[in-house]
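Using the hints provided, position chain B relative to the given structure of chain A.
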Amino acid sequence: MTSISAQRLAKVFVEVADTLVDEFDLLDFLHMLTDRTANLVGASTVGLLLADQRGRLQFMAASDENTMLLELFQVQNEEGPCLDAYHTARPVINADLRQAAARWPRFAPRAAAAGFRAVHAFPLRLRQEVIGALNVFGAEVGGGFDDGDVQIIQALADIAAIGLLQERAISRGEVLTEQLQGALNSRIVIEQAKGAMAQARGISVDEAFTIIRGHARRTNQRLSDVAHTIVTDPAALTTITSP
Amino acid sequence: MAPPGGWGTSVSDTDEPIAGAMEHVAHQPAGGAVDGLVGVLQRLCTAAAGALSASGAGVSVMAEGGARGIAAASDPASARIEELQFIVGEGPCIDAFALRRPVLVPDLTDGVTHRWPAYAPAAHDEGVRAVFAFPLQVGAARLGVLDVFRARAGPLSGAELRLAFTFTDLAVRTILDGQDLAVEGAAAGGLDEAIEHSAELFQAQGMVMVQLGVSLAEALVRIRAHTYAQNRRLGDVARDIVARRLRLDPDDS
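So the protein lines, in turn, are chains A and B. Just so you know, we're using the working numbering here: the first sequence kicks off at 32 and counts up by one. Just so you know, we're using the working numbering here: the second sequence kicks off at 56 and counts up by one.
Next comes chain A alone, as it looks inside the complex (with noise of 0.2 Å):
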């Protein structure tokens, strides 16, 4: 991988910037950064898992979303670079997935089916705590992440873990928790919308989350309000069209 360019850099710094002081909506801010990391590093796809109160990795974002990748996040609850790099608070850099079967049984064989090669894993770190992790996934190994690349990638991660304490009254450990769980609960809001939205037209989950999103971006709304328009007001059903 050819290490990451300064000037492409700065400009999803100034982004994330830009974002931190708009109207903040976490789930966005999230995909977003999940989006610029995977342009940034040459990714097939990146994600971002968020421990929930009881500890347990719940997906939150990704560059890219559908069946396949959900439930490469959702094993990692079990086992995966993202446990791992969540209990030691360090990175899993460059693991080859077609050595990794006896690491990770589960995890390996499936995100090699998917078509990924390498995984890395960098944990979210919020002054001593680890509250994630952020997992890239490449179709090729060789030619992995150097150290620079890595520390890059370890500041994205670090800035997605300020931008969850987003909300003025930073001190308040209370803010983070509320912010946390209404993320965590928009999360579902939008599977609840990719199934009623693939019921109602004849299709899969994923086709239906590519027309949420895509009206989402034409119609330049969150996410997670054209979900919850979708499974509050039935009539949102036949009103959203594809491109």
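Because the hints were derived from the structure by calculation, they are not lab data. Remember, it's a predicted structure, so these values are computed and weren't measured experimentally. Just so it is clear, CB atoms sit at the ideal spot from N, CA and C, and this is done for glycine as well. It cannot be assumed that every hint is accurate.
Derived, one-sided and incomplete: chain A residues facing chain B with beta-carbon distance under 7 Å [claimed, not checked]:
(1) Q84
(2) R85
(3) E205
(4) L207
(5) Q212
(6) G213
(7) N216
(8) I219
(9) E222
(10) G226
(11) Q230
(12) A231
Ranges between beta-carbon positions, derived for each pair [as the list claims (entries may be wrong)]:
(13) G166/B x T241/A: 26 to 36 Å
(14) G233/A x R135/B: 48 to 58 Å
(15) L40/A x A118/B: 43 to 53 Å
(16) R158/A x R207/B: 24 to 34 Å
(17) T250/A x R135/B: 39 to 49 Å
(18) R158/A x A173/B: 35 to 45 Å
(19) G120/B x G204/A: 31 to 41 Å
(20) Q285/B x F44/A: 37 to 47 Å
(21) T241/A x G268/B: 19 to 29 Å
(22) T168/B x A133/A: 51 to 61 Å
What the simulated footprint calls covered on chain B by chain A, stretch by stretch (three residues with Cβ under 8 Å from a Cβ of chain A suffice, anywhere in the stretch; the number is not a length) [to be verified]:
(23) 187-198
(24) 259-266
Only chain B this time, still in chain A's reference frame:
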């Protein structure tokens, strides 16, 4: 679904919080004159208050528009404080429902009077110094709120917060499963906790909502009722629904 008996041996490590909370509830005396769902919720409130070193706790079941349905509390004073919010039309419980996230107020005197000008002083007069409100919801299906009241200011510890979320989960299951299944259904569901957070289950909820033309909350109830009636696992039922191998019968409620 695995039989609910013998939590102590059959429950895995990750399910221990739920099992612990269930035990707290099981050890409460049956609600005397109060039977059914309200009685179970009342025992849940008493157990939650005890486990969280709180002066009391209350549950308000609410309609989507915010109207209050049945309510339960650990004691008469908590019932009054809970009801107060609906009389003055403001408070942490109402905010938690509207914002769809917890509202945690470790110090009721600390600058919250402007947030709830009527509620904050009235609750303070009742001796409440901290309020923690947890929405009872599964995604967009909103069922109500669990409120925990404390007579001293200060935050919930990490362990207390985890326990509070466990009681919240338990209250959600109790309301969804209704009085008949309240204890056994929730206990069996406790064995299934990882599944209850799978993307497939939430997708299935949205699908059943559209398929049966019911509300999302009703869809959750139908899926759970079907699972219990067929003695299956929630995750398997959800998978079959998403794969379109299973359509719930519109009359099967």
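Non-conforming hints, listed in increasing numerical order: 4, 13 and 20
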